[in-house]
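Novice: Protein chains in written order, with our numbering: chain Y, 1 to 237; chain B, 1001 to 1289.
By construction, these hints were calculated from the structure, which means they are not laboratory data.
In this text, all values refer to a predicted model and were calculated from it rather than measured experimentally.
Accuracy of the hints is not assured; some may be wrong.
Just some of the chain Y residues that point at chain B, by a computed CB distance under 10 Å [stated by the list, open to error]:
| hint | residue |
| --- | --- |
| 1 | Leu53 |
| 2 | Ile67 |
| 3 | Thr69 |
| 4 | Thr72 |
| 5 | Glu73 |
| 6 | Val76 |
| 7 | Gly88 |
| 8 | Glu97 |
| 9 | Gly102 |
| 10 | Arg149 |
| 11 | Thr229 |
| 12 | Val230 |
| 13 | Ile233 |
| 14 | Leu235 |
According to the in silico footprint, chain Y covers these stretches of chain B (three or more CB under 8 Å from chain Y) [as the list claims (entries may be wrong)]:
| hint | segment |
| --- | --- |
| 15 | 1155-1169 |
| 16 | 1176-1185 |
All C-beta atoms, glycine included, are put in the ideal place defined by N, C-alpha and C.
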Amino acid sequence: MTALLEVKALHAGYGPVDVLHGVEFAVREGGITTVLGANGAGKTTLLRAVCGLIRRKGHVRFGGEPIETRVTEEIVRLGLAHVPDGRGTFTMLTTEENLRVGAITRRDRKAVQQDMDRMFGYFPRLAERHAQQAGTLSGGEQQMLAIARALMLRPRLLVLDEPSFGLAPLVVKDIFAIMRRVNEQEKVSILLVEQNASLALGLADTAYLLETGRVVLSGSAAQVRDDPTVRKIYLGY
Amino acid sequence: MEAFLHQLLSGLATGGIYAGLALALVMIYQSTHHINFAQGEMAMFSTYLAWTMVDAGLPYWVAFAGTVVLSFVLGVIIERVVVRPVEHAPVLSVVIVFIALLVILNSVAGWIYSYTIKTFPSPFDWEALRNPYLSPHEIGTVAVTTLVLLALYAFFRFTSLGLAMRAAAQNPVSSRLAGIRVGWMLALGWGLAAAIGAIAGMMIAPLVYLDPNMMSGIMLYAFAGALLGGIDNPIGAVVGGFVVGVVENLAGAYVVGTELKLTVALVLIIGVLLFKPSGLFGRRYVTRV
Chain Y
1 MTALLEVKAL HAGYGPVDVL HGVEFAVREG GITTVLGANG AGKTTLLRAV CGLIRRKGHV
61 RFGGEPIETR VTEEIVRLGL AHVPDGRGTF TMLTTEENLR VGAITRRDRK AVQQDMDRMF
121 GYFPRLAERH AQQAGTLSGG EQQMLAIARA LMLRPRLLVL DEPSFGLAPL VVKDIFAIMR
181 RVNEQEKVSI LLVEQNASLA LGLADTAYLL ETGRVVLSGS AAQVRDDPTV RKIYLGY
Chain B
1001 MEAFLHQLLS GLATGGIYAG LALALVMIYQ STHHINFAQG EMAMFSTYLA WTMVDAGLPY
1061 WVAFAGTVVL SFVLGVIIER VVVRPVEHAP VLSVVIVFIA LLVILNSVAG WIYSYTIKTF
1121 PSPFDWEALR NPYLSPHEIG TVAVTTLVLL ALYAFFRFTS LGLAMRAAAQ NPVSSRLAGI
1181 RVGWMLALGW GLAAAIGAIA GMMIAPLVYL DPNMMSGIML YAFAGALLGG IDNPIGAVVG
1241 GFVVGVVENL AGAYVVGTEL KLTVALVLII GVLLFKPSGL FGRRYVTRV
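Model the full structure from these sequences, guided by the hints.
Specialist: And the structure:
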């Protein structure tokens, strides 16, 4: 299996402070990789560094191409869709306009329209609220919208930052089911950052554990789930 | 009654010009949260460019189109060269840059074209438009501003570039994550604002005549209009511009007299800031935090 995203010796941070100290991980083509870790471990920073939103140093390859010197807009155009923490909703645009923004780099109008209908199929709640100002959607609906917006890019890699954050368990279940479907049917690889370790390990095939900016454990999701430390601290049994 | 109707309609005609300039202010405010104090001088400079072209013998509408295009390009260049470097600077630095731009454009115009007042032609000198209520130029102004406003509305509402510009103004980070080149969207916004200003300048110049200080009063009305409508609401700014035009004209004719007309704008500005800082039409957006 070839790696779609490959990160080596990644250092990144804000201002003069480094948050990541030489992180190494990979997402294989068609796979689901999860990065676990406690608050402040550097999970969100890691995703931001991959997408070029913050200062970073090291090697990042996407689809075999080095992207560590590219700007965010170009990285996105290569097919990497990032659902940021806080969902990044365009609150004053309508639900439908939010989805159109997601597809704004695409020129195939017909396919965009089809994709929009497909998103409304995945998330019927969004179809009901297609003309509504997105800022008035509930937290769960905005998370659905954020994922749908990212998928409108027709990405090769979907990067998700804490999609379960602040949502009701039933909504989380829905969202994870759709991520699995997107991965299996549309062959979109996924990089998932989560605090809810048991959920994430249930979905992913590969897992990394991040602690204060370093990878301290990695392996298949099953291996990581059976690790005594992970069980005790992150899974709670 | 006829006189009243005349005042009301000609208020709407100048109101359209204020509406255009107010809209230009709002466009830049929405994406950068700064008031472009140089907006008026940019418009004045554009009008001089138009005058140069007409003076050189070009047909009016050719000069008009040339000025709009040239102003757009100059607006983009100003954003790239002057505004971009202070993108992350404190508010006061940005304000100083805008004021410097104002003074520079004003002096350069005076230096090139001198401070003597020039006449500026109106393209609407048609016999068929003669009537007791509005001058042909006022009718033409209403038509042009209406067309500009409709075109802008259609651009922002129905094109994907317009959508990208709205998205970039609202949430730059999310926009970058959707692949939008946010920096260019800002530059485009400046280009559009400059082009709108150019049209407003060319429409007002036949009435107030052409000189480097022609826009100072006009911009006060435009500020008043933008504030009245809500500085972050394009539709509000347009409505505000029209309202200010009418109020100014009626107050000048029946209440305070022409000498004190400008005071009306200042009273409006202070009134809005004191009693309704978000503006009359300031849409209330519901946001979850």
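Novice: So, for every hint listed, does it hold in this structure?
Specialist: The hints, checked one at a time:
no., hint, verdict
1, Leu53, "7 Å, holds"
2, Ile67, "14 Å, violated"
3, Thr69, "16 Å, violated"
4, Thr72, "4 Å, holds"
5, Glu73, "5 Å, holds"
6, Val76, "4 Å, holds"
7, Gly88, "4 Å, holds"
8, Glu97, "6 Å, holds"
9, Gly102, "6 Å, holds"
10, Arg149, "7 Å, holds"
11, Thr229, "34 Å, violated"
12, Val230, "30 Å, violated"
13, Ile233, "31 Å, violated"
14, Leu235, "31 Å, violated"
15, 1155-1169, "holds (count 5)"
16, 1176-1185, "holds (count 7)"
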